[in-house]
Every structure is written in C-alpha cells, then in structure tokens.
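K.L.:
So the chains spell out like this:
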Amino acid sequence: ELKVEQNPLFLSMQEGKNYTIYCNYSTTSDRLYWYRQDPGKSLESLFVLLSNGAVKQEGRLMASLDTKARLSTLHITAAVHDLSATYFCAVDGIWGGATNKLIFGTGTLLAVQP
Amino acid sequence: DAGVTQSPTHLIKTRGQQVTLRCSPKSGHDTVSWYQQALGQGPQFIFQYYEEEERQRGNFPDRFSGHQFPNYSSELNVNALLLGDSALYLCASSLEPRNTIYFGEGSWLTVV
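Taken in order, these protein sequences are the chains called A and B. Take any residue in the first sequence, note its place counting from 1, add 3, and you have its number in my numbering. No gaps in the numbering here: position 91 of the second sequence is 82 in my numbering, and each next residue is one more.
Don't take every hint at face value.
For the chain A half of the interface with chain B, some residues (derived, Cβ under 7 Å), not all of them [unchecked claim]: (1) Ser45; (2) Ser48; (3) Val51; (4) Lys59; (5) Gly108.
Label-pair distances were calculated between CB atoms; the ranges are [claimed, not checked]: (6) A:Tyr25 / B:Arg48: 27 to 37 Å; (7) B:Ser(-2) / A:Glu47: 14 to 24 Å; (8) A:Gln60 / B:Gln32: 22 to 32 Å.
Facing chain A, a subset of chain B residues (Cβ under 7 Å, in silico) [said to hold, decoys possible]: (9) Gly(-6); (10) Leu30; (11) Gly33; (12) Pro34; (13) Phe36; (14) Gln47; (15) Asn50; (16) Asp53; (17) Ser85; (18) Phe94.
Hints in this document: simulated from the structure, not taken from any laboratory. Backbone N, C-alpha and C fix where the C-beta goes; we use that ideal spot for every residue, glycine too.
The shape of chain A in the complex, shown without the other chains:
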C-alpha cells in the first residue's frame, strides 16, 4: 500500500527565513503534486512534478522530485505571512501508470510569524 509522509507536521517560522518541507513516499511513482490549503478552503494546485529531477519554482516556493529516493521537497525562500497555510504533497496511486488516484500526505501546517 502506498504511503506518503510529510515532515514536519507543523512549522513555525519567522518572516524572511528559509525552510524546507519534506515528502517521502513508499513505492515507485513519478508523478507528485503539491497543494496549498487555507483554513476552511479547498485545495489550490501549486506544482505538478512529472519526472525524476523535476524542479519547479513559483515566487518564493520551489519544489523538486527525486524518484530514486522517493522524496520531494518544497523549499520556502524568505517566508512572508501570506504563505501561512497547510501544504500537502500527493502521489499518484499505482494502477498501470498515472491514475489520478492521489494519496495525500499528512500535511504541513506552516505559520509564518512577523
């Protein structure tokens, strides 16, 4: 059974600092997603990583994928308060290739303090 783990579960950081959220998954997959969720809201797509070594950046967020290590990272550069939210990684479940059956991680609650 595919399992997805994120760490840390909770991250309190100061504005202007850098930090990384880690996403480990247990079986082979080359399709990984990052989502942001604000309190009481739905999921906002941040990145789709489709191959080993993929790196994508948008503003202060950068995501990467290492399929051999079964690891994805979400790096936050010079955090600002607006980035406060819960971040989820999700891996495409296995069923003959890409299936859009997403297995989500536990989520990382990010709180950026002034």
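Once you've looked at the hints, dock chain B against the given chain A.
P.N.:
For chain B alone, coordinates are given in the frame of chain A:
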C-alpha cells in the same frame, strides 16, 4: 471558464439519513474523483468515475456510492450516515492525459 463546482456548500444531516452531493467538472474534463477530508487530516480517495463507470475505489464502505452522467457531472451518495462521516467532501476533475488535477471548493457535511 468555470472550474470544478460543487453543491451544496454546507449541509447538516441526522444520523441514519442519506445525502447526495453534486459535482460539475471543469469544462472538457472527463474524469471525476471524490475525496473525503476529515478535520485536520489529508484528503482520502473515495472513488473515481470515467465514462460513467466507477474505475477505482478507495477503502470506503458500500454506503458510499456514486454516479457519473453523460455530461461528466457526478454525484456522491452516502447512506445510513454516521457521525464519523462528518467531513469536507472534495470533487476533483482531470482530463486524459493526466497532469493537473483541479479541486472544487468542497461540500461541508455535518452529521448530528
């Protein structure tokens, strides 16, 4: 272009009742998946519909059923509601080949 739309946004039901949630996928999308997100947890996959057939199913009891219509819209039905069914129900749509998956705003279900 409207994104994924869900209805209703909030509803309260009593234990033992039945509920139907509705989803219209993003224009042109043919695959609809449903997820349950309990408070403080990540979404859990319920099932997926493609070409009006249930293609995949997660670890949910038969009380959870669904349907996809010819226009690709979908319904999620839950029978014999339990308190533990209280959650945010998310609909997601996508198009072959599968890259970005779009989520609706969700339906908040409270079972009392």
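K.L.:
A separate judgement is required for each hint: does it hold in the structure or not?
P.N.:
Do the hints match the structure? See the list:
no.	hint	in the structure
1	Ser45	holds (5 Å)
2	Ser48	holds (6 Å)
3	Val51	holds (6 Å)
4	Lys59	violated (12 Å)
5	Gly108	holds (6 Å)
6	A:Tyr25 / B:Arg48: 27 to 37 Å	holds (30 Å)
7	B:Ser(-2) / A:Glu47: 14 to 24 Å	holds (20 Å)
8	A:Gln60 / B:Gln32: 22 to 32 Å	holds (29 Å)
9	Gly(-6)	violated (10 Å)
10	Leu30	violated (10 Å)
11	Gly33	holds (4 Å)
12	Pro34	holds (5 Å)
13	Phe36	holds (5 Å)
14	Gln47	holds (5 Å)
15	Asn50	violated (9 Å)
16	Asp53	violated (19 Å)
17	Ser85	holds (5 Å)
18	Phe94	holds (4 Å)
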